[in-house]
Amino acid sequence: MNWSWMLPPSFSTVSGDIDGIYYVILWITGITFFITEGLLFYFIFKYRHKEGRKAAYDHGSTKMEIAWTMIPLVIVLWIGVVSKGVWDTVKVDVPPAGLEVIVSGKQFEWNVTYPGPDGALGTSDDFETLNELHAPEDEAVVITLRSEDVLHSFFLPEMRIKQDAVPGQDITVWFEAVQPGDYTIGCAELCGIGHTTMGGKLIVYTAADFQAWSSSQAQQQQP
Amino acid sequence: MIEKYGELRNTALLLSILVIAGCGGGGDAGGGGAGGASDAAPAESPVDVATAGNIAGMVTFSGAAPMMAEINMGSEESCAARYSTPPMEDSFVSDGNGGLANVFVYVKEGLESLSFPTPTTAVVLDQDGCMYSPHVLGVQVGQDITLRNSDGLLHNINASPTENRPFNVSQPVNMETNRSFGAAEVMIPLRCDVHGWMTSYVGVVDHPYFAVSGADGSVSLDGLPPGEYVIEAWHEQLGTTSTNVTVATGETAQISFEFTEAMVGSPVPMGEPIDLLHPDGHRVVDH
Amino acid sequence: MTTQAMTAGRAPMPGMKVYNLKLGMWIFLLSEVMFFTGLIGSYVILRFAHPDHFAEPGVVLNVPLTAFNTFLLICSSVTMVKAYAAIEQDDQQGLKNWLLATIVIGAGFVGVQVYEYIALAAEGFVPMADAYHAVGRHMPHDGPVVGGQLYGSTFYTMTGFHGAHVSIGVLCLCFTYWRAAKGAYSADNLGGVEIMGLYWHFVDLVWIILFTIVYLI
Amino acid sequence: MSTIEQEMVHAAEGGHHDHHELPFIRKYIFSTDHKMIAKQFMFVSLFFLVIGGLLATMMRWQLGYPGEPMPGGMILPDAMMAPTPDGAIMLPEFYNSLVTMHGTIMIFFAIMPLLVGLFGNLLIPLQIGAEDMAFPRLNMISFWLAVPAGILMLASFWVEGGAAGAGWTSYAPLSASGEWTGVYLGQQLWLASLTILGFSSLVGAVNYITTVINMRAPGMTWFRMPLATWALFITAILILLAIPVLAGALIMLLFDQTLGTGFFRPEVGGEPLLWQHLFWFFGHPEVYILILPAMGIASEVLSNRARKPIFGYHSMVLAIIGIGFLGWIVWGHHMFMSGMNPLLGTSFMISTMAIAVPSAIKTFNWLATIWKGDIHLDSPMLYALAFVSMFIIGGLSGIFMASTPVDIYIHDTYFIVAHIHYVLFGGSLFAIFAGITFWFPKMFGRLMNETLNKVHFGITIVLYNLVFWPMHNLGLQGMMRRIYDFTQYEYLAPLQPMNRFISISVFLLVAAQAVYAINFFWSIFRGEKAGNNPWNSNTLEWTVPSPPPHGNFPEMPVVYRGPYEYSAPESEEDFLPQTKPPSKKPPVQDPIPQPVTPTPEGF
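So the protein sequences, as listed, match chains A, B, C and D.
Per the working numbering, the very first residue in the first sequence carries number 1; after that it's consecutive.
Per the working numbering, the very first residue in the second sequence carries number 1001; after that it's consecutive.
Per the working numbering, the very first residue in the third sequence carries number 2001; after that it's consecutive.
Per the working numbering, the very first residue in the fourth sequence carries number 3001; after that it's consecutive.
If we strip away everything but chain A, and leave its shape as in the complex, we get:
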C-alpha cells in the first residue's frame, strides 16, 4: 500500500512547476496541520476538567485575531500569485506547435487525427489512430480537443495534463514530453456505462522515430 504524499514521476516540461507548487502547498499545509492539531490535543490534555478550577473569563483578543486573519490571507494570496504564473503557462500561453493533432472523445474511445505528410490538418492525407496518441519528444504537441457526444476529460497523468472535452467546443491543450516512452491516457469525467474502459496510450518517440512512424502510418492509411 502506497501511503506516500509524493507525486508519481512526471515527464512534461510543465509538470515540474506543477509538482513544485504542490510540494510548496504540502509543506505549508503540513506544518499548519501539525501545529493546529498539536495545539488542539495539547489544550485538550492541559485544560481538561479539574474540580474547583474555573475557566478563564476571556472574550478574545483583537490583536491575536488580526494576526491570524492576516497571516493566512498573505500566505494563500501568495500561493495564488505563484499559481497564476504556472496556470498561464499551462492553459493560457500556448507555444508554437511542433505537432498539431485533433483529439476527439466519443463514448468510449479517443480518436486522434494527425496532419499527415503535408503537416496540415483537414487535408486528404490526414490519418487517424484509435485510443493512441503518438508524439515526438521535446516538441510542443498542441491538441484541439473535441467531443462527439458527452463530456469527457482528457487526462495525461504523467504529463500533469487534464482538460474536459465539451461537445460543440474546440479546446486547445498542449504538452511537451521530455522523455520517450509509453504513458497513460485516461478519461477523468464520468461519461456513461463504459467510462471505465475509456483509457488509451500516449506513445512518445524520439523525433526521428516519430517521423518514421508517421510516414509509415500515412502510407498505410492512404486509399
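Do not take every clue at face value.
Derived lysine to aspartate or glutamate pairs resembling DMTMM-like cross-links, with alpha carbons at most 20 angstroms apart [claimed, not checked]:
id, chain 1, residue 1, chain 2, residue 2
1, A, Lys54, D, Asp3378
2, A, Lys54, D, Glu3573
3, A, Lys54, D, Glu3572
4, D, Lys3372, A, Asp58
5, A, Lys50, D, Glu3572
6, A, Lys201, B, Glu1112
7, A, Lys201, A, Glu137
8, A, Lys50, D, Asp3378
9, A, Lys50, D, Glu3267
10, A, Lys54, D, Asp3574
11, A, Lys201, D, Glu3490
12, A, Lys106, A, Glu128
13, A, Lys106, D, Glu3267
Rather than coming from a laboratory, the hints here were simulated on the basis of the structure.
Given the coordinates of chain A, assemble chains B, C and D onto it according to the supplied hints.
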C-alpha cells in the same frame, strides 16, 4: 406566497402517482412501445399448410462494391487475438459473384388481415470476438432476443428505435439478457459504445414471413397463404427496394432484388412502422 | 393591531417594523428574483452564444399583441392598488369591485398569452428543438426557417414560467375575492390584500423586464 | 390565501395553544409545532443517512473487489446485478447510479435536512425566545414536501433503466438523454424530486429568516444571538437565494428531456457549460449551507463544554457573514478543467483563496476558545472536537485544489473525494452527532448513554480516518473518481490493496453506526432523565422544561446578556444564563435593554 405551496402539494401528489406508474412500467423487460400487431387484432388465423405456398429469392449487387476497411481492434487485445487476419467492416458483405448478404427481406403488405402467435423460442444475438453475430436479424413482435456476451469483457447494447422503447444495457461478464420489442419496426439499430465498430440491425415484424439473405444472397419465405404480397428488401448501405409477388397454392414464387452501385449511400429508412396506421413515421439515416 | 395579531400579543424585538406575513412575502419575492435571474441569465447567455438562433423582433413574435397584453397587466396592477386603497378606507364594496377587475384583467392576460402560443405553434414556432421550423408571421409554410432551435425553447420557458406565476396569482386573487366577499378584511386587517398586491406587482414587474428582453431586443 | 388567514388566526391564538390537547394526527403527523417538525426531519433524514451509507458500502464492494460477485447481490434485480454461476456481479450502470444516488441522498436528504431541518427548526425559536416559527403551517408544509421528494428519489431505483447515473452533479449532456446513460425515467424522477425538495427548503428558509428577524425576545439583540442561530440564519439566506437558481436549472434540464427543448443539448445549439455554471452557482453556496450550521453547533458545544466564553464572538459572526457573501463568487473553482475561459480560472482561484480566511479565523478562534478552558470531555465535546480537527484537514486539503495548476492533476481524482468527505463527514456529520447528543435531552427529556457514545466515538473517529485518509494518496496516484473498475488502467492496478483496505474499513465504519442507533433509541425510552439544563448552559432553550411545552416559553423571556458568559466572575457557578437579571452592574458588552423597546444593533 403561501398559496403557491398549496399548488405545489398537488404537484407532489401527481408526481408520486407518476412514480407508481413508473414502478409498474419497471416490471416488464423493455417491450411495450406502440403495441404493434395487437391493435389491428383480427382473430388469430393459423395458415392452412395444405394451401400454403413459398417464396424463393435472390438478392444481388451489381457494380463496384463499397470499400470495407479493416477493423482496428487494438484497443481490445483479447478480441484482436481471436483473429488470424484482421476482421473487415461488415456493413457490406457479398460473395464474389453478385450475391448480397445481410439483406432483411420481409412481407410488407398483404398480411394485414391475419395475425400470428408470438414465437416462444428466443433469437440469439451473440457478441463474440467483439462482433455481433448475426449482423442482421429478424424477430416477431414480442419475441425474445437473447443478448449473449461470449467475450467475457464489458459490452453494452445500445438500442435506439423510434417506435419502441429504447434501452442501453451493459454486460460486463459472460451473461445473457433477454429483451423484446413490442411494436413492429424495420429496422432497429443496435450498437456497442465500448467497441465503436460493433453494430447490428434488428427487423421487428408482426408475422413470421421474413428472412435475412445468406452469404450467397439467397432468401426464402415459406408457408405463405396464397395471395398478393409486397415484399421489401432492406440493406444498411443501399436502402430499400420492393417488389410485388403473387403466391399460388402449393407453389414457390421466384423473386429477385437487384441492388446497384448507384444505390450506395442512398437514404436508409430506420424505424419504419409496418402497420399502415402511421405510414410515414420513420426517420432516415443519411450516409 | 395587525402587528400585534402577528406576534400574538407578545412584544418581541421587531428587527423590522413589518408584520410577519409582509416580511415573509418580501423574503419570498427575493427568492423569486433569483429564480427569474437564473432563467433570464440563461436566456441572455444562450442568445449571446448563438445570435443566429434568435430572429429580429417582430419577425416571428407578434409584438403589437403582446404590447397590448403588457398594457393589460399594468392596468391590473393599477386596479390592485385601487383595491388596497379601498380597503384602507374600509370600503368593502370598492375592495370587491377592484379585486374583481384585477381578476378579469389578469385572466385576460393569460388568455391572450394562450392565444399567442397557439398562433405561434401553428407557424412552426415550437419549444421542441427538433421540431422547430418557424417561418415567420404570415409567411408561406414552405418558406425559409426563421431563427433557430433555441429560440422556441427559451421563449416558451421564459414566458411560460411568467404565465404560470400570473395564473397562480389569478387563483389567489379569486380566493382573496371570496374572503373579501365574506367580509374578512378591514382597515385594521388587510394583510391578505397587501401581500397579494406585493406578489401581483412583482409578477407585473417581471413581465415588463421579460417583454423588453424577449420581444423588443 | 387560506393559509395566510389561518396563520393570522393561528398566531392570534398564540399563547393559549398549550391549554387544549391536540389529536394524535395533529400532534405527531401533521404537527405545526417546530419541535415536533424538527424530530420528524431528524427521523426521516437519519433513515436516509442509513440508506446513503448502504449505497456507499455497495460502491466500495465494487472498488475493493472489482468484478467479484457481491454477497447478497442475488436479491437485487437483474437491472442492477449481472447474475453469474458464482454470484451476482455489479453492472456499471448500477455503479453509476450508486455514485449518483449516494451523493444526492447524503447531501440533499441526509446532511442538509439534519442541519437545517432538524437544528434550524429545533434551535431557532428556542434560542431567540419565540413561541414557535413565524409560519407554523408553512413549516409543516416544508416537511411534507420533503417526504414525497424522498419517496420519488428512492422509487427511481425501481423504474426501468434504474436510478439517475450521471453523478450527483448531473452534468449535461450526459444527463440530458437516456441514450448516453441507459437511464430514462430515473433521471427525470431525480430532477422532479430535487425540484420539490427545493421548494421544501425554500419554504423553510422564508420561515427561518422571518422568525429570526421578527420574533426575537426582548433584549435578544443581533449580537446576543447564539452562534448556532446566527449560522442557521445566514444558511437560510443562502438557501433562499441559491435554491431558486438550482430549481430553474433542474426544470430546464427536465424540459430538455421531456419536451425536447435545447438548453443543454449541444446538438441543437445548447450549452453544456451553462448547466455547470447554474449548478455550481447554486452548488457552492450549498457547500456552505452544509458546513455553516455545523460550525454554529460546534461553537455552542465547544464554548459550553469548555466552560469559557467563545473566543472573539463578533469575529465569529463576521466570519459567518463573510463566508455567506464570498460564497457567491467562488463557484468557478469547481470548473477549472471544464473548458471555461482559463483567465476566469485565475480570478476564481483568488476569490477561493480569500474564502479560506474566514474558515481559518473560525478554526483559530475555536482553538483559542478551549485554551485555558475547563474542558469536560463528554461525548458532545468529543464530537465537537472531532469536528474541529477533521475540519482542519478538510480545509487544508482544499488549498491544494484551489491552486489551479495543482488542480489540473488532482481534479476529478480521489483527492477530491477525500476532501469533500473530510468536510461533509468529518465536518458536518461529526457536528451533527455533537448536536444530536447535546440537544437530545431538550428533544426527549433524557440524556444519551455516555459510555455507548464514547464507544461509538472511538470506533468512528478511527475507522473514519482509515477510510478517507488513504483516499488522498489514491488521488495523488492519479485514481480518478466515479470509476467502475480502476484496474482497467495499468497504472492504477497496484492501488488494489489500498482500495480493499478502504472498503473493509467502510464496512466496519457503517456497521459501527449501529452503536449510535441503539443508544439513540434506547435513550429515548430508557435514558437517564435530564432536568431543564443538564449542561449548565446559558442560552434560552435551557431555561424551559425538557422537552419544552407547546408554545415553549410559559412567560416571555427577557434577555440581559450574550450567550457565552461562562465562568463569569459575577456568578458563583461557572455559567450565567442570558435571562438571569443582573445583580449589580455586570461587566457585559451590551447595555441592558428596556424590555419591549427594540434596539436593533449591528444591522
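For each hint, the structure was consulted:
Only pairs whose Cα atoms come within 20 angstroms are accepted, and A:Lys54 paired with D:Asp3378 is accepted, the gap being roughly 17 angstroms. Proximity of A:Lys54 to D:Glu3573 is assessed by CA-CA distance (about 9 angstroms); at most 20 angstroms being required, the pair is judged to hold. Straight-line distance between C-alpha atoms of A:Lys54 and D:Glu3572 comes to about 10 angstroms, which keeps the hinted pair within the 20 angstroms bound. Between D:Lys3372 and A:Asp58, the direct Cα distance comes to roughly 9 angstroms. Compliance with the 20 angstroms bound is thereby established for this hinted pair.
Using a Cα cut-off of 20 angstroms, the hinted pair A:Lys50 and D:Glu3572 holds, with the two alpha carbons roughly 17 angstroms apart. A threshold of 20 angstroms between alpha carbons decides the hint, and for A:Lys201 with B:Glu1112 the separation of about 56 angstroms lies outside it, so the pair is violated. Among the hinted pairs, A:Lys201 with A:Glu137 is consistent with the structure: their alpha-carbon atoms are about 15 angstroms apart, no more than 20 angstroms. Between A:Lys50 and D:Asp3378, the direct Cα distance comes to roughly 14 angstroms. Compliance with the 20 angstroms bound is thereby established for this hinted pair.
With a C-alpha separation of about 70 angstroms, the suggested pair A:Lys50 and D:Glu3267 falls outside the 20 angstroms cut-off, and the hint is violated. With a C-alpha separation of about 7 angstroms, the suggested pairing of A:Lys54 with D:Asp3574 holds against the 20 angstroms cut-off. With a CA separation close to 10 angstroms, the supplied pair A:Lys201 and D:Glu3490 stays within the 20 angstroms bound. Distance check on the hinted pair: A:Lys106 and A:Glu128 sit about 14 angstroms apart at the alpha-carbon level, within 20 angstroms; holds.
Restraint check for A:Lys106 and D:Glu3267: the C-alpha separation of about 14 angstroms stays at or below 20 angstroms, so the hint holds.
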